[in-house]
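Undergrad: Here's the letter readout for the chains.
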Amino acid sequence: MRNVWIICRKELGSYFVSPVAYILLIMFGLIFGFFFWNALGAFVFESIQSQMSGRSFPMNLNEWIIRPLLSNVSVIGLFFIPMITMRLFAEEKRTGTIELLVTSPVRDIEIILGKWLASVALYACLLVFTALNFALLFRYGNPDWKPLLVGYLGLLLQAGALLAIGTFISTLTKNQIIAGAVTFGVCLLLWVLEWVSGYETSAWARVLAYMSVITHFESFGKGVLDSKDAVFYITVIFLGLFFTARSMESLRWRS
Amino acid sequence: MINVKDLTKRYARTTAVDHISFEVAQGQIVGFLGPNGAGKTTTMRMLTCFLPPSSGTATVAGFDVLEQPLQVKKRIGYLPETPPIYPEMSTSEYLRFVGKLKGLSGAELDRRVDYVCGRCAVAEVKTKLLGKLSKGYRQRVGLAQAIIHNPDVLILDEPTAGLDPKQINETRDLIKDLAGEHTIILSTHILPEVEQTCQQVIIINRGKLVATDSVRNLQARARGAESVLIEVAGRAEVLDPLMVQRKLEQVPGIARVVAKQEFDSRLVFELETSKGRFVRGDVARAVVESGWDLNELRPAAMSLEEVFLQLTGEDAAKPEETPVEVHA
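The listed protein sequences correspond, in order, to chains L and F.
Under this note's numbering, the first residue of the first sequence carries the number 1, and numbering increases by one thereafter.
Under this note's numbering, the first residue of the second sequence carries the number 1, and numbering increases by one thereafter.
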């Protein structure tokens, strides 16, 4: 456990010493800020309209702002995750520092967990920006905080799953760009897989739709903690890290 | 300390290391010598548990590299060919990180970091980023990280590659300095380096072990007139090898006589002389005065380069045969 922490600290250190973390944070902050401002504008516009029409109906902040924004974050995350994971192993393989890690008295799984946890931590830092925006809603409105918490849990689980896949892909190459591009492709595919359920109902289509990482976020977004979706994400995390371990092992047999 | 038996590493198409066996005693500096691509790095990687061997065994301090890798890794300090440094870390940050990875903590970690900084002369760049250091400094930081946990065994892969002559000398001195505390294996393709730093040499080529010898013996072979080849034949009678050998041993300045070959009536001996003595004249006289024929007498003199080339079987650069000299 101590070793996991040492590796994790080192990874976070290299994220925050280089401009990588700051650029990701700034870009994410800008993008999410725009989404938030947009959603808020639409909300205000709609509520004024409904009042002017005389048939005013109650509008809920959770339903109108938090829920759509959370699913927006889950999609924006798909674009940021490859940038977080692409260097994890590819860079160490390129510079040869992987030899230092592997010849230190540390288990492979400790290296992998440390790196993966660091990537999850960086993603959590991105989420802090969204929390800052949502805090405004709590200041001026009265949304329900419980669905928001469940939503965050869902985001972390979903990101954890994709980050585990990204970590695995990063072990396959020395080239960060390749790792990033492949991870991005896989993330995108896992997102759009659920489209098949729109026109197909065969077993295959259902399997594909089930594999989509986005469908499993829907319940979290609504503030419903569904164990079936949580289990899906945890399974993907486990599989991703398991394949990473296998890949690290094969790295030695091959290289 | 290190025990290697029939160690083999096969890849899909090639065999990088082919049944290598050797032993290294505690506290020795061993030079691992061979041309580029001979299998030095692969062997070292197997010793450091970076690569698993295809067959054969290797033990470090009694622990098998396949069975107990964590125990082996705790006892090994490893400097790969390019120092494994993170350019975005400062020297002290990096050494602390490696120290923690190797299991140090608290006051001991601080103490070791200070110690290795002093030992490897990197104290003055402690706060500098590794990415901004010169090659010489990086190499020394690499050495510092290898010894941070005071390992029993140090494995250094081409520690002087890419350094300028002054840095090479500094690094060699540092390695020699470290020898008292650690058992060291260093690889190189530069002969004088072995001569200057090592006690024992292991020569490999194309994955095969060519020779293991002490540096002194290797040097002796290289030192000109220290070794003489002689071929003696009887005029009419068949010679008794023992008698000839005894006769040769009586020649002043001869340290050892080794019977090499025996044809029907011709005998070949290798004579080792005591250092610096020129004995060919005396040997020739002794043979002739005994009434035997002196067919050949030539110094088995080779430079270290030639010894190396001969051992590794690289024919291209093989020197001309030394002409026969007879001093009668």
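Treat the hints as calculated values from the structure; they're not laboratory data.
Treat each hint with caution, since some may be false.
[What the hints assert, rightly or not] Derived contacts from chain L toward chain F, CB cut-off under 10 Å, selection only: (1) Lys10; (2) Ser18; (3) Thr95; (4) Gly96; (5) Thr97; (6) Val102; (7) Arg107; (8) Pro147; (9) Val224; (10) Asp226; (11) Ser227; (12) Val231.
Please read these numbers as outputs of a predicted model, since none were measured by experiment.
Every residue gets a Cβ at the ideal spot worked out from N, C-alpha and C, and that includes glycine.
Undergrad: Tell me, which hint numbers fail for this structure?
TA: Numbers 8, 9, 10, 11 and 12 - these are the hints that the structure violates, sorted from lowest upward.
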